[in-house]
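Colleague: As they're listed, the protein sequences go chains A and B. Residue numbering for the first sequence follows my numbering, starting at 1 and increasing by one per position. Residue numbering for the second sequence follows my numbering, starting at 1 and increasing by one per position.
Errors might be hidden in some of the hints.
[Said to hold, decoys possible] A few chain B residues that don't get close to chain A, going by computed Cβ distances all over 12 Å: (1) 20; (2) 42; (3) 117; (4) 175; (5) 180; (6) 183; (7) 191; (8) 237; (9) 253; (10) 259.
[Unchecked claim] Below, computed lysine-lysine pairings styled on DSS-like, alpha-carbon distance capped at 27 Å: (11) A:273 - B:263; (12) A:299 - B:299; (13) B:273 - B:201; (14) B:200 - B:296; (15) B:273 - A:201; (16) A:298 - B:225; (17) A:201 - B:100; (18) A:255 - B:100; (19) A:255 - B:299; (20) B:298 - A:263; (21) B:273 - A:255; (22) B:255 - B:298; (23) A:296 - B:255; (24) B:299 - B:273; (25) A:255 - B:225; (26) B:263 - A:263; (27) A:200 - B:225; (28) B:103 - A:263; (29) B:296 - A:255; (30) A:255 - B:298; (31) A:273 - B:255; (32) B:255 - A:255; (33) B:255 - A:225; (34) A:100 - B:255; (35) A:255 - B:263.
Everything labelled a hint here was simulated from the structure, so no lab data went into it. Glycine included, each C-beta is placed from N, C-alpha and C at the ideal position.
There are 2 protein chains.
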Amino acid sequence: MNIGIIGLGKMGSAVAARLLAADYSVIAFDASEEIRKTAHEAGLQLADSAAEVSQHARIVWLFVPAGDVVDNIITQLLINAQENHIIIDGGNSFFQDSIKRAKNLEQQGVFFLDCGTSGGLHGRDLGFCLMIGGAQQAYDRAEPIFNAIAMNNGYTHVGPSGAGHYVKMIHNGIEYGLLEAYAEGFSLLHNQNRYNFDSKKIANLWTHGSIIRSWLLELTAQVFKEQGQDLSTIGGEIQEGGTGRWTLDEAELQKVPMPILEKSLEVRAWSRKTGGDYATALIALIRHQFGGHNYKIKKQS
Amino acid sequence: MNIGIIGLGKMGSAVAARLLAADYSVIAFDASEEIRKTAHEAGLQLADSAAEVSQHARIVWLFVPAGDVVDNIITQLLINAQENHIIIDGGNSFFQDSIKRAKNLEQQGVFFLDCGTSGGLHGRDLGFCLMIGGAQQAYDRAEPIFNAIAMNNGYTHVGPSGAGHYVKMIHNGIEYGLLEAYAEGFSLLHNQNRYNFDSKKIANLWTHGSIIRSWLLELTAQVFKEQGQDLSTIGGEIQEGGTGRWTLDEAELQKVPMPILEKSLEVRAWSRKTGGDYATALIALIRHQFGGHNYKIKKQS
């Protein structure tokens, strides 16, 4: 069975690799000629356009940035799409957009699944966590490929169209607060003047049996292992995708207080204005660790 | 080798059980006659006083509430303590108190180790995470018993006197923010009006491969499994020990911003004044899950 992949960035290429490892045939397309060339040299079967992908694959998975790009790709896919084809959006699209897309595609006999995809760069080896929304019938047909790329028990049909991206949106909203909580703790640990703590040693210690053990904490220990704990050369600007802000907007609409997310967004905005501090530099490095997000190196003065 | 345990509450009794399982002899004391009776019936060797414990054990471990109780117990232990005896404080004492106690005891030839103890109720089976401060010589002597009760790689000498409780204080400060971040996310998940999400299913899903997977998330899934997700009968008041407030005070003194901890403490204070909301009820249940902390059941109106 051919699976189409559109977009061979960090997530798309990782999913393609897992599909190949599970003996699926993959046909892929990326808008960048350079990325296509690299992927081709790495042995991936490449198409010359999104339209060509849907000629060869009845299930096509998108890993492209949220917004118009998704609609443009869908338009191209429809050129060759046939009845009962399935388009899966594996990116961080706004859930309302996913609801609209599913409705439009349904009218043309094509299924649309929205699939929140978590796990970051490490998902390639460990498997991803997939939150999937859309028609049960389409989910059932695509389930074997979800199973192939997810961690054990790491995929679920969470509801109708939009539900997958909605759940992923909240997931990301929680992530913002977790990052802040760890970073401000490690900032105090490093910046107080009473003891000479070894942050790597303590991050590692806490991953073994403490109440606050977590995957993000393991990645934090890895940051200290790779970078040391001084971090004075690391830029403290923290970027963000749309999901954190969307979560807060939705929470306000639904009259659900999310003070921690709100504060975390404030800190991120402040960090981009001012260059941030030790805590935000650490967050930038943790985000690089799990998602390959860029961070700045400060110029030596 | 005899190990003394003073205080047979949730932590003390769990540590005693692990020590017995590792073939140590334990002699224990608790101020409550009822607890002593129960422990005796369960086969634990009981003393009639703290003083009697230090007659039989060269290493005595305290699991009692922070404050004067610790000093009172130490006074009783000193009646029979001999040169080179080791007193370990496994509770959540203020680090400055631990520094003072270590100094005072040193003058009497007795060692004092401050041991931040994380892992909660589950530590009994899984092993604890121990953050230990104090003289290297005393640490080296006590290391086999730390090894016996900790999770694999779950104990470390983090610095001189007070360092163990200082690190545990920051650990708890981080925990406050993590709890808030998860709880407000699950509050939106449950209280929005667009989808009928199954919170238990989604908490479980997220523990398999997502970026936000953690021990606290596993306990959250367990809460939904045991309680359902409605929570309307659960009181939203969240109690606190001293450590969260101490962390924030210390952060202010050290000029390290901890906005997430600050906000979390505000929410807890608000919850006790007003009865809280869905998110704080969930936190009360998670705290019960890991630490056995009490929560209220609302009277049916």
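Colleague: When you look at the beta carbon of residue 117 (chain B), is every beta carbon of chain A farther off than 12 Å?
Modeller: violated (10 Å)
Colleague: Can the restraint linking residue 263 (chain B) and residue 263 (chain A) be considered satisfied, given a maximum Cα separation of 27 Å?
Modeller: holds (8 Å)
Colleague: Taken at face value, is the distance from the CA of residue 255 (chain B) to the CA of residue 100 (chain A) at most 27 Å?
Modeller: violated (49 Å)
Colleague: Does the structure keep residue 255 (chain B) and residue 225 (chain A) at a Cα separation of 27 Å or less?
Modeller: Holds. Residue 255 (chain B) to residue 225 (chain A) sits at ~26 Å (cutoff 27 Å).
Colleague: Checking one constraint from the list: CA of residue 273 (chain B) to CA of residue 255 (chain A), max 27 Å. Satisfied?
Modeller: holds (20 Å)
Colleague: Are residue 255 (chain A) and residue 225 (chain B) close enough, with their CA atoms no more than 27 Å apart?
Modeller: Holds: residue 255 (chain A) and residue 225 (chain B) sit about 26 Å apart, inside 27 Å.
Colleague: Against the 27 Å threshold, does the CA-CA distance of residue 200 (chain A) and residue 225 (chain B) hold or violate the hint?
Modeller: violated (35 Å)
Colleague: For residue 255 (chain A) and residue 100 (chain B), compute the direct alpha-carbon distance and say whether it is at most 27 Å.
Modeller: Given pair residue 255 (chain A), residue 100 (chain B) is violated - Cα atoms ~49 Å apart, limit 27 Å.
Colleague: Just to be careful, I want the Cα atoms of residue 299 (chain A) and residue 299 (chain B) compared with a cutoff of 27 Å; is the pair within it?
Modeller: Cα-Cα ~62 Å, so violated.
Colleague: Check whether the Cα positions of residue 273 (chain A) and residue 255 (chain B) lie no farther apart than 27 Å.
Modeller: holds (20 Å)
Colleague: Can you confirm whether the C-alpha distance between residue 201 (chain A) and residue 100 (chain B) stays at or below 27 Å?
Modeller: The hint holds at about 26 Å.
Colleague: Within 27 Å, alpha carbon to alpha carbon, are residue 255 (chain A) and residue 299 (chain B)?
Modeller: holds (25 Å)
The structure shown violates the earlier hints numbered 3, 4, 5, 6, 7, 9, 10, 12, 13, 15, 16, 18, 20, 22, 27, 28, 32 and 34.
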